[in-house]
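K.L.:
Sequence:
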Amino acid sequence: MAATSRLPKPVSEAWHWQLHAACRDVSVSRFFHPENERGTARDDREEQAKLICARCPVVRQCREHALKAREPYGIWGGLGERERRELIDRGRVA
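Residue numbering for the sequence shown follows our numbering, beginning at 1 and increasing consecutively.
Any given hint could turn out to be false.
[Unchecked claim] Computed beta-carbon distance windows for the label pairs: (1) Ala54 with Val28: 30 to 38 Å; (2) Arg85 with Gln18: 20 to 28 Å; (3) Thr40 with Leu19: 32 to 40 Å.
These aren't lab readings, by the way, just hints derived from the structure by calculation.
C-beta atoms are modelled at their ideal positions from N, C-alpha and C, and glycine is treated no differently.
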């Protein structure tokens, strides 16, 4: 579960960046794996999600949110679960 104590206060200015996200009209199933998804199917889905992130004008804000909130699941800001966990474990996140 995400660390909600690390989330910004719920004011529209703090979340306004989401209105500009390239993923805004894409199914969340592209970014979050179904239970027990493994192997090539998972790799392919994650790669497709990361391609959407690569062209996103707010990828930096999304990544910052995911790292600060310690989002445990899905693709956020072009990073997968393992990639975010590695950054956090290495102390690359405040």
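K.L.:
Quick one: are Arg85 and Gln18 within 20 to 28 Å, going by C-beta?
P.N.:
For Gln18 against Arg85, whose Cβ atoms are near 23 Å apart, the range 20 to 28 Å holds.
K.L.:
Just tell me: holds or violated, for the beta carbon distance of Ala54 and Val28 against 30 to 38 Å?
P.N.:
With a Cβ separation near 18 Å, Ala54 and Val28 fall outside 30 to 38 Å, so the hint is violated.
K.L.:
A range of 32 to 40 Å was offered for this pair. Does it hold for the Cβ distance of Thr40 and Leu19?
P.N.:
This hint holds: roughly 34 Å between Cβ atoms.
Of the numbered hints stated above, the single one contradicted by the structure is hint 1.
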